[in-house]
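Residue numbers (this note's numbering), protein chains in the order written: chain A, 1 to 276; chain B, 277 to 669; chain C, 670 to 1034; chain D, 1035 to 1399; chain E, 1400 to 1692.
Be careful, since some hints might not be right.
Taking lysine-lysine pairs in the BS3-like style, the calculated list, with each CA pair at most 25 Å apart, reads [unchecked claim]: (1) D:Lys1387 with C:Lys847; (2) C:Lys847 with D:Lys1118; (3) D:Lys1387 with C:Lys997; (4) C:Lys987 with D:Lys1222; (5) D:Lys1212 with C:Lys700; (6) A:Lys183 with C:Lys810; (7) C:Lys987 with D:Lys1387; (8) C:Lys847 with A:Lys183.
Simulated DEER-style distance windows between Cβ atoms [stated by the list, open to error]: (9) E:Ala1672 with A:Arg123: 34 to 44 Å; (10) A:Gly37 with B:Gly335: 26 to 36 Å; (11) A:Asp135 with E:Ala1672: 47 to 57 Å.
The set of hints was computed from the structure by calculation and includes no laboratory data.
A virtual CB, placed ideally from N, CA and C, is assigned to each residue, including glycine.
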Amino acid sequence: MAPMIAVALVLFLGGPIWTLLHSFTDSRLLPRLRWVGLDQYERLWASRKWLVSIENLALYGICSLVGTLVLGFVLAALLDRKIRFENTFRTILLYPVALSFIVTGLIWQWLLNPELGIPGVMRGLGWGAFDPLNDPSLVMYGLGVAGLWQGTGLIMCIMLAGLRGIDDNIWNAARVDGVGVVKTYLSIIVPMMRPVFATALVLITSGIVKLYDLVVAMTSGGPGISSEVPAKYVMDAMFGGQNLGQGFAAATMMLVPVVVIVVPWTYLAFGRRKRG
Amino acid sequence: QDGVKLEVMHWWTSGGEAAAVRKLADGINGRTAHSWVDSAIAGGVDIARPVIISRIIGGSPPTAFQFNPGRQALELIEAGLLLDLTDVAKAQRWAEIVNPPSLLEACTVDGRVYCAPVNIHSWNWMWLSGPAYEAAGLAMPADWTGFLNSVPALRKAGITPLAMGGQAWQQAGLFNSGIAIAIAGPEAWLSVMRDRNADVVRGEDYGRAFQAYAEARTLSDGTGVQDWNQATRAVMTGRAAAQFMGDWAQAEFALAGKTAGVDYGCLPGLGLRPYLQTGGDAFFFPKQGNPAVEAAQKEMAALMLSPEVQVSFNSAKRSLPVRGDVDLTTVNECTRQGLDLLAKGRTLPSTVQLISADTNTQLNDLLTEFWNTPSMTAGDVQERYARIIADAR
Amino acid sequence: MALDSGAAHLDAAFVSVRDLTHSFGTVEVLKGLDIEVRNGEFLVLLGPSGCGKSTLLNCIAGLIEITDGQIWIGGRNVTWEEPKDRGIGMVFQSYALYPHMTVHGNLSFGLKNQRMPEDQIAARVVRVARILQIEPLLDRKPGALSGGQRQRVAIGRALVRDADVFLFDEPLSNLDAKLRAELRVELKRLHAGLGNTMIYVTHDQIEAMTLADRIAVMRDGVIQQLATPLELYDRPANLFVAGFVGSPSMSMLDGRIAGGRFHVGGQSLALDGYEGRAPGTLGAAILGLRPEHIAVAPAGVEGLSAVVELCEPMGADKLLWTDVEGRKVSVRVPVETSHPRGSRVTLAPAMGKASLFDAGTEARL
Amino acid sequence: MALDSGAAHLDAAFVSVRDLTHSFGTVEVLKGLDIEVRNGEFLVLLGPSGCGKSTLLNCIAGLIEITDGQIWIGGRNVTWEEPKDRGIGMVFQSYALYPHMTVHGNLSFGLKNQRMPEDQIAARVVRVARILQIEPLLDRKPGALSGGQRQRVAIGRALVRDADVFLFDEPLSNLDAKLRAELRVELKRLHAGLGNTMIYVTHDQIEAMTLADRIAVMRDGVIQQLATPLELYDRPANLFVAGFVGSPSMSMLDGRIAGGRFHVGGQSLALDGYEGRAPGTLGAAILGLRPEHIAVAPAGVEGLSAVVELCEPMGADKLLWTDVEGRKVSVRVPVETSHPRGSRVTLAPAMGKASLFDAGTEARL
Amino acid sequence: MSGPRGPRPRRVLSRGNVFVYGTLMLVSVYYLLPLWVMVMTSLKGLPEIRMGNIFAPPVEVTFQPWVKAWAEACTGINCDGLSRGFWNSVRILIPSLVLSIAVASVNGYALSSWRFRGSETFFVILIVGAFIPYQVLLYPVVILLRSLGLYGSIWGLVLVHTIFGMPILTLLFRNYFASLPEDLFKAARVDGAGFWGIYLKIILPVSLPIFAVAAIIQVTGIWNDFFFGVVFARPETYPMTVQLNNIVNSVQGVKEYNVNMAATLLTGLLPLAVYFASGKLFMRGITAGAVKV
Ligand SMILES: Nc1ncnc2c1ncn2[C@@H]1O[C@H](COP(=O)(O)OP(=O)(O)OP(=O)(O)O)[C@@H](O)[C@H]1O
Ligand SMILES: Nc1ncnc2c1ncn2[C@@H]1O[C@H](COP(=O)(O)OP(=O)(O)OP(=O)(O)O)[C@@H](O)[C@H]1O
Ligand SMILES: [Mg+2]
Ligand SMILES: [Mg+2]
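Chain A on its own, in the form it takes in the complex (with noise of 0.2 Å):
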C-alpha cells in the first residue's frame, strides 16, 4: 500500500516536472538534456495546429461537459424512478463504454455519412442535406455527439450511485413541503450531490483534457486540422513527429491551467475536511 503511493506520488509529481525540464530540450527520439530553453514554446504557438487544437478542445469541452452532466444526471435520475428493467437500461447506457474506440469510432463516421447514415436518412425525409464529420464548421459538433453516446454511461453510473445514498426521509420531507419531483432534484438532491458532482466533473473534465482516441478514430483531426485537440497535438510530436520536446512543451502547456484551476479548487472544496 504504501509503496504503491509512494511510486504514484513519484509519478505524479515527478512525471510533471520531467516533463517539464524537458520541454526545454531539443529531445526528439529520447529523451535528453539539451538545453534549447523557450524555442519549443515558441514554435508551439506559432503553431496553426496547436492554436486550432485549443480552440476546439474550448468549444468541444464546454459542450460535452454540460451535455454528459446534464444527460448523465437526467438519466441517472430516471432509472432511479423505481423503475422496471432498470438493470437492462443501465447496461444498455453504459455498453459503448464497453466497445473499443478504435471501431465505433468507425460506426460513428458510418452513421454521420451523409449517404449511408442519419444525414442520408434525415434528407430522405425532406431535411436539409449535411456532413458532419467533413464540414469543418460541424466537425466538432460531430464528434461531440459520438462523446456524448460514450461517455455518458459512466457518469449516468457515478450519479445513480449518488442518488442510492440518498436518504428517503429526505424525498418525504419535500413531498410534504409541496415541492414538485423536478424542483426536488433541482434545489435538494443536486445540492446534496455536490461530492458526486465534483467527482464527474474531474472525470469528465480529465477526460475531455484527455481527448485523443475519438478524434483518431473519426477523423484523425480532420477534415484538415480542423478537429484537432492538444492531447493529439502531443501525441503527434511525441510519436509521429518524433519531436519529444515539443510534446513536452505542449503537455506542459496543457497542465498549467489545470493546476491553476484544480490546486485552488481542490483546496476549497475539499480542502476543509469533514472529520478530523
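With chain A fixed as given, assemble chains B, C, D and E with the ligands onto it according to the hints.
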C-alpha cells in the same frame, strides 16, 4: 549450438502481410537453429515507435524490429543502441546487390550499416477507374494533364474526379510524393527534401506544383470518406475516377478480383515523370549484450536478404524485392511497370528516408490544412512550406 | 380546561382514517384502524414504542402506500392523492432536515415553493425562529447543530406553513424540560389561534395531558381508547390503557370481587363509591389504583396493609414503593413524610378514582 | 435513596475533565470546563439544548479533537488516546446504528472486535435484547425499526460491552413512559451491579432525579452546579439552576429585601425560616418558589394575593397559573379543588423551601 | 364508503410513466443505433457490406466473421484470433482490478476520515495526475519500472494500472465516503474497530454502489487497455486488445469490417457481463436508519 528465441516486432497484421511474415518466420525456423517469436502490433510506425523505444529504454528490447529506414532511427544509432551489421553487409555484398542503392544508404550512418532492408513499396501511384471512364465515355488518361482534361466530362457524368480520404497523410502524400515530383521535377524535389533548400520551394517550379495541388483540391469534393481503402472502393465502383495512393492499393483491387489495365489503370509518378519512389521496410536489431543472440541477429539479417526469402516474402506481400537479381514469379501489368522503372534506375528515395518525422508531421499538417481550407491560396502554402523546410533539422 | 380552548371550531370529522391496514412485507403494522379527528381538534397519539404511530402519520400524510383502507381529509377522499395535495405539515421523528441548506433555507423552502413573497417569508421565518429560540442559528447548516436544535428546526419547518393538518411525531423529545414547557405553551397558543387540526405523537404524558383535546391510545396497530385526557386518566377503557397512561403508572392488584368487596390475598376493600357498573360478584378482577389516589392512612383506618420497599424522590414529592400481599403498589406522598424501608403502613385508596377490570377481557367494569 | 445505591464504590475521581475547551471553528462551545466523576458514580448532565452536553461526551470519548485541556480516565491521561483505548461505551444521540447490519449484528459488533467467543457474545446479546424488549427484532435491520426501537438498539450496543465508563446521550428520549420507567429501573440495577461509572445526559427531570448520584447542570459550556439531586432541587446555586431544574419550573418574583421581609409590588412576605444567609436588607433580590411549595391558603392567612389565570390538569394534580403583582406564579393544587379563572386566591409559600437570589450576581443568598 | 381505497392503482400509461419510459426508450435508440449497425455488419459478408446500406439487416446471415474474429484471425503469424489473448487479459484484469480498487478505496477512506500530514497535498497531486495524458508519462514510467525491476513482468503492468487508476478512483471513493454519516465512524471507533475494522466492516458494506462504479470504471479501462498492454507485456502475455487492434487497425491491406465488428463485440462481452452483474450492487437506501438528522 542452441537456438535463440528471436522476438520480432512488426506491424504486418492483415491477411497478405501476415502471409508474408510467415515466409520470413519459415525462413528462420527452417533454415536456422533459431525460432521466430512473433510480436505484431498493427497501426504502423506511430503506434509501434513508442512501444519499441519503451522496450529499449526499459532494458528488454525485442530481438529485431521493423522500422522505416532513414532519419527516424538516427538517434537510436547515435545512442549506440542498435547492432552494427556492417560485417554482415560486407560478407553478403549488400552494396552490390541492393537496388536501388538508396535503400542501403538509408540504413547507413557514417559508413556503417545498421539495418536490413527487406522490400520496396512505392508511394507515387495514381490509380484510375475503368468503370468511371467507361461511364464518362472516355479512355483512361495517360497522365495528370490528361486526367485534368477529363474532369469536365467526369463531372457531367456525376463522377467525383479524384477520390481522397480524410486523413492528413493521404492528402499530403499527393503533394509530397506525387505532384511535387511530377510537376516540379525530381531534381527540385531532391534539393528540397534532401538538401532542405527553401529557396527552391519558393521558386517557380514549386510554384506551379502548388498551383496544381490547389487545382486538385477542388476535384475531390464529395468523396466523404476517411480511410484510403474506402476511397479505393470508390474508384473500383466508378463513383470516383482516380486516386493517388501507394502500391498497396493494388491489394484491394486484387481482392475484389479486378484486373489491372482493364478494371483499373495505374500511372506511376502521375505519368508526367514516371519515377518510382522506393520506400520500404527494414529491420533493425537492438544490442542485447549477449554474443549468442548477436550472432543469431546477424544470421537473421543475412537471411532476410537471401534470394529465396526475398522472392517468397515479396510475392506474398505484393511488394518489390530489394535485390535487382531476383525475379518475382507472377506479376501483373502495374507491377511490371514498377519493375521496369526499377530496372531503369528511375527511382527516388521515399520522403521519410530524407526528412525527419518531425518535419514530415509539420508538412502533413500544413498540406491537410490547405487541402481543407478553400480560402488558403497556393501562395500561402508555398511560403509556409518553405519555412518548414528552412527550419528542418 | 383541556376542552375549552380550540373547542370552538370542533365540528364534523376533519381527518378520518377508515379501516386502515398497512403491512411492511409480512409484518402487519396497522390492523384495520379507524379514527376520526374533528376539525380544529388537537389529537394526541399515545402508545408503546413500535405500536405504529409513525406509520399512521405517514399513512395520513400519504408518504407510504397503504395496504388497505381510506384516508379522508376535509371531507375529501385523499387516499390516492399526493402528500402535497393533502394540505399537511409534518415534523418527522428523524427530522429529515435538508443537510445542505442553512436553517433559514430549511425553514423557507416550503414557502418559496408556494411562491410566497420574499418579505412575507422572511417575516414568518423570523417569527417561528423566535418562538423556537433558534434565531442565532439561522445561518448554520444542520450538521453544525445540537440534537435539540435540529429538532427545533424540524418543528419550525412545519410551523412556518399554513397547513390544515399538522402531523407532529414526537416533536419535543430531545428538548430540555424548560424549553419543552415553553414550546408546549407556544404550540397550544398557535393552535388556538390558527384552529388547525393537530395530530401529535408524544411519549410525554404531561405533554399529552396538557395539549390534547382528545387522546388516542394505540397498541399493536389498534386504537384502544379515544377520549379526553381526564376521562382517559380517570376511566381507562381497559387494563392496557390504565397501565400505559400515568407516570408513575397505576398499580394493579389482581383479586376477586365478591359481596361488593374486592378481595386480594387475605385482605379486602369495600367497593363503595366505585363509579362503574361493578357487579356484586365476579370471579377474577383487577383493581387499578394510581399512586396519588392512595393515601397513607393513620393506623386503624380501613385500608390495605403494606410494607415499604423503596422510597424514590421525584422532586415535588416522593414515591413510596410498597408490597401488598406480594403485589407492588406505589403511593405518592409528600416529601416531608418519612417511611423507612421495611416499615408497615396502611394504604387507603380513594375508591371513587379507582378502576376495576375484568381479568379475562381486561375491559373496564 | 439516591445516594445509597452504587455509592459503595465511590472513591477518587475516575473520569476527570480538566480545563476542557472546545471550539467548532470560531464557535467556542466548551469554555475551560472542569468536572470530576467518581469511580462508580452515576452522574447526570442536565442543561439547555445546545449547551454542549453532547460535545462534552464526545470529548470524553475522544471522538473529537479537543482544542485545549486534558481528559483523565481511571488515573490515566487519555487526552491523546484512541476511543477504543479509553474503555468507554456510548449511546449516541443520533443512534448511529450500522445500517447494513441486523440488530444482532449491531449489538455484537463491539464484542466481536474484542474477540469474545461466539457463545458468550450470543448470551450477552440475548440478555441485553431481553432487557430492552427487542428480542423479536434481532434479525431486522435498523431501517425497518421504529424510532424507539432504534434507540433501544443504540442503548443495547453500549450495554453489551464491559466498559469502565458509559456515556449515554439522551438514551430514553424516544421511548414511551412505561418503557422508560422500566428501563430506568434496569439501568439503575445494572449500574448497581457492575459499578461502572456513568455519565448520562437527559432532559427528563424524573430520570435525572431518580438515577443520579449527582447532577451537573451545564449552561453555555460551563458547569453551573454539581450536586446531589436533592440539594440541586432544594438549594439551587444560582438563578439559572433554580429556573432550569424542576418541572413545572420555579416561579420567580423580583423584589427587594428590606427589614427581614421580601417586598414585591405592594405586598410583602416575612423571610422567617429561610435556610440561607439572607441579609436583613438588600437592594434587589429574587424570590424563587416551587409550585408544590406554595399552598392556596384560606382567606385571612398571611400570604400573597393572586389572581387565577389558567388551570392546567397534569394527571395526578393540577397546575394553577396565577398573577402576583404582574409576575407569574404557578401553584400545584390537588385535582379536586376548583379555582375559576379570574378568581382571587391567597398564596402561602413555605419559606423553608424557598430560594433567594441576588438580583445582580444571580447567586443564591 | 366509496371512492379510492387501498393502494393507488398503478396505471401503466400514467403521465409519469410515459415520460420516464418514453425518454428512456428514446435515449436507448440513440444508444443502440451503433450497436445495431455493428451487429448487422458483423453478420454480413464483405460483398454485402460493400453494397452500402448500413442499417439493413443481412440478406444472408453468416457467422463466419464471429468465428474468424474469435478463432481464426491472424496476428502476424499466429492465426488464432482473439482467443489467444483472452486468458492473458483475464490474468491481467483480475489482479489489476482488485489491487487498484483496494488501493484507491483505502486511499479515499484515509483521506476522508483520518487526518494525516500532507493529505491535502497528496490529494492535489493525485487530482493533477488525473489530467496528465498517460502517454506523456510513458518514459518516466518505463524508467521507474526498470529501476524497480518490474519492467516487462505482469506485475509491472498491474502496478501501472493501479497507479493510473488511482486519481479518479481515489476521488470517487473519497467523495462518497465523506458523505456518509459521520456518527457511523464514531460509533465504530467506540466499538473498538480500528482503521481496517472500520474500513472492512462499516465503510465497505455501506458503499457498495460506489464500489460497483469503481469496478465498472476499472474493468472497462483495464480490459480495453491496449497501449500499456503492448508496452509492458511480452508477446506471450499480450492482452486481447492487442489482437483486437491487430485485427482492426491494419494500415495496409483489406479491411474486413464484419470481422472487426465481431471482434469488437466479442471483446466487449466481458465488461458487458460485469455491468449487468453489477446491478445488484446499486441498491437503494443503503444507509437507511443509520442516524437521525
Ligand atoms: N459542527 C459544529 N459547528 C459549529 N457549531 C456546532 C457544531 N456542532 C455543535 N455545535 C454547536 O455547539 C453547541 C453545543 O452542541 P451540543 O451538541 O454539545 O449540544 P447539546 O448540549 O448536546 O444540546 P442538545 O441537548 O440539543 O443535544 C450547540 O450550540 C451547537 O449549535
Ligand atoms: N420498513 C419496515 N419494515 C418492517 N417493519 C417495519 C418497518 N418500519 C417499521 N416497522 C415496524 O412497524 C412497527 C411500527 O413502527 P412505527 O415506526 O410506526 O412505530 P412507532 O409507534 O412510531 O414507534 P416509536 O414510538 O418507537 O417511534 C414497528 O414494530 C416497526 O418495527
Ligand atoms: Mg415513531
Ligand atoms: Mg446533544
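I'd like to know which numbered hints this structure contradicts. Please list them from smallest to largest.
2, 3, 8, 11
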